[in-house]
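Trainee: Sequence:
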Amino acid sequence: MGKVGFGLALGCATATCVIAAVMMGRRVRSRRKWRRVVAVMTELEDVCSTSVGRLRQVVDAMAVEMHAGLASEGGSKLKMLLTFVDTLPNGNEKGTYYGLDLGGTNFRVLRVELEGNRSPYIKHDVQRQPIPVDLMTSTSEDLCDYITSSLKEFVDKEEKSGSDVSVVERKQLGLTFSFPVKQTSVSSGLLIKWTKGFNIQDMVQGDVSMCLQRSMAKQGLDMRVAALINDTVGTLAVGHYHDSDTVVAVVIGTGTNACYFERADAIIKCQGLFTTSGGMVINMEWGNFWSSHLPRTPYDIELDSESPNPNDQIFEKMISGMYLGDIVRRVLLRMSQESDVFGPLSPKLSVPFILRTPLIAAMHQDDSSDLMEVSRILNDVLEIGEVPLKVRKLVVKVCDVVTRRGARLAAAGIVGILKKIGRDGSSSGGGRMKTEMRRTVVAIEGGLYTSYSMFRKYLHEAMTEILGEDIASHVVLKVMEDGSGIGSALLAAAAASSSASC
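In this text, residue positions in the sequence shown follow this note's numbering: the first is 310, and each later residue adds one.
Please note that the accuracy of each hint is not assured.
Said to hold, decoys possible - The calculated PhoX-like cross-link candidates involving lysine-lysine, where the alpha carbons are at most 20 angstroms apart (straight line), are:
no., residue 1, residue 2
1, K480, K461
2, K502, K388
3, K403, K480
4, K342, K699
5, K342, K766
6, K787, K766
7, K432, K502
8, K432, K388
9, K706, K766
10, K466, K480
11, K491, K502
12, K461, K527
13, K480, K527
14, K388, K491
15, K342, K706
16, K491, K505
17, K403, K432
Since the hints were derived computationally from the structure, they do not count as laboratory data.
Based on the sequences and whatever the hints tell you, model everything.
Mentor: This is the structure in structure tokens:
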């Protein structure tokens with residue numbers, strides 16, 4: 310071989326070595342980057358751990374906080390608000406009743422017809438109306454007048470259509486008012502504060518029902534507010550109408566809350582309140598539950614500190630649809646900051662709440678072999694380009710960990726309620742000895758539970774793990790619909806029936 314040939318061979322060998330070294334360096338750096346991302350994932354799984362032992366600690370903490378909140382105002386993060394609802398619909402109600410659901414920028418008016426036979430389908434008509442933006446910052450009189458005029462128009466339309474509605478029945482109205490209220494009776498309550506964009510100063514600390522009642526009288530609408538409730542209490546009413554074993558209701562949607570039927574002796578003991586019935590519905594406001602046993606991550610703490618209500622609604626921020634998507638976003642942002650597995654850092658990853666929970670449900674439940682729905686959402690919503698399949702699988706894993714934790718904590722919350730009222734198979738909330746387990750129905754409403762199948766699956770699994778198969782077989786989780794609308798009318802009917810019997 311000549312000198313030229315030898316030189317060329319040596320040069321090629323050197324170049325090959327250099328290329329190999331470069332490739333090896335890239336692989337090493339790639340492995341290091343991947344290890345950093347895996348470390349973030351491992352840390353997330355560890356902190357989000359919801360072992361059965363930990364869930365039972367949450368169960369016990371929930372029951373303890375329920376006792377404390379019921380015993381004294383401010384005694385717990387749980388509000389444990391008296392609703393004065395001591396009569397739930399039982400399916401024997403007859404007649405036509407109205408419901409008014411005011412929960413945000415829209416309100417609904419409903420007419421419900423009851424035939425006294427616990428029909429699986431409740432016949433009802435609904436009219437939805439938007440609230441003009443200017444009325445959200447106007448006066449209470451203007452707002453109530455507008456709502457009442459729509460209600461009167463709806464009632465008059467039914468009369469003209471030949472509907473057989475007696476005067477007595479038409480007077481009964483159930484009002485669902487999804488703003489913070491301190492209940493003073495089953496049909497009245499004082500507004501604590503406006504939320505959801507409303508700012509009507511003259512109604513703060515005012516009687517919600519009285520405002521509406523004045524407007525109805527002024528417009529010649531002979532109707533009485535018979536029940537003032539929130540959507541969770543309405544869900545319990547619908548559940549009890551269909552099944553008398555329903556004693557707990559939970560809403561798991563954008564937000565979350567729970568209520569249950571408490572025994573009269575517990576209320577008398579804690580509140581000194583006399584009730585002639587067997588008990589009363591307690592609105593827990595469980596979104597505000599807090600315990601050191603809750604598996605909070607740095608992402609939860611950061612989300613809470615940046616929220617408009619830091620240190621409040623901790624439980625809600627870990628389990629409800631408003632927040633799950635943003636927790637996932639924060640994890641993906643951290644991964645992107647640690648490594649370039651998602652490519653260049655996308656500015657969209659820093660936008661709060663851009664990744665909504667329905668989107669993480671779609672990624673989590675993507676059953677395609679190449680996870681193309683995951684790829685589409687990353688690209689369309691977060692402006693992340695094409696990533697390898699293993700990275701898409703990592704995204705699904707993040708969704709799974711966050712969702713699983715939320716669902717299992719929700720299950721622990723439900724079992725905590727069952728423990729308080731003696732329906733968890735152990736001793737009862739009153740300290741009685743262990744008794745035979747009775748059939749217990751929990752009414753559940755909310756899109757997170759009804760539409761997110763993996764969330765629902767994990768919640769059911771956790772219920773069985775905590776209670777054990779034998780006890781869990783006596784607990785029935787039933788989906789209910791439109792507690793905020795139909796439920797209010799049903800409670801108006803129950804109140805009317807109770808008054809008639811007295």
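Trainee: For K432 and K502, compute the direct alpha-carbon distance and say whether it is at most 20 angstroms.
Mentor: 34 angstroms, violated
Trainee: Assess, step by step, whether the Cα of K787 is no farther than 20 angstroms from the Cα of K766, and give holds or violated.
Mentor: Answer holds: K787 to K766 is near 14 angstroms, not above 20 angstroms.
Trainee: Check whether the Cα positions of K491 and K502 lie no farther apart than 20 angstroms.
Mentor: 10 angstroms, holds
Trainee: Between K466 and K480, does the CA-CA distance stay at or below 20 angstroms?
Mentor: 16 angstroms, holds
Trainee: Do the alpha carbons of K480 and K527 lie within 20 angstroms of each other, as the hint requires?
Mentor: 15 angstroms, holds
Trainee: Under the criterion that the straight-line Cα-Cα distance not exceed 20 angstroms, is the pair K388, K491 satisfied?
Mentor: Measuring from Cα to Cα gives roughly 10 angstroms; hence the hint holds.
Trainee: Between K461 and K527, is the straight-line Cα distance small enough, at 20 angstroms or below?
Mentor: Cα-Cα ~11 angstroms, so holds.
Trainee: Checking one constraint from the list: CA of K403 to CA of K480, max 20 angstroms. Satisfied?
Mentor: Holds: K403 and K480 sit about 14 angstroms apart, inside 20 angstroms.
Trainee: Straight-line Cα separation of K432 and K388 no greater than 20 angstroms?
Mentor: Violated - the C-alpha atoms of K388 and K432 are around 34 angstroms apart, more than 20 angstroms.
Trainee: Between K342 and K699, is the straight-line Cα distance small enough, at 20 angstroms or below?
Mentor: The given pair, whose Cα atoms are some 13 angstroms apart, holds under the 20 angstroms limit.
Trainee: Below or equal to 20 angstroms on CA atoms is what counts here, so check K706 against K766.
Mentor: 16 angstroms, holds
Trainee: Need the status of pair K342, K766: alpha-carbon distance at most 20 angstroms?
Mentor: 34 angstroms, violated
In summary, the numbered hints that this structure violates are 5, 7, 8.
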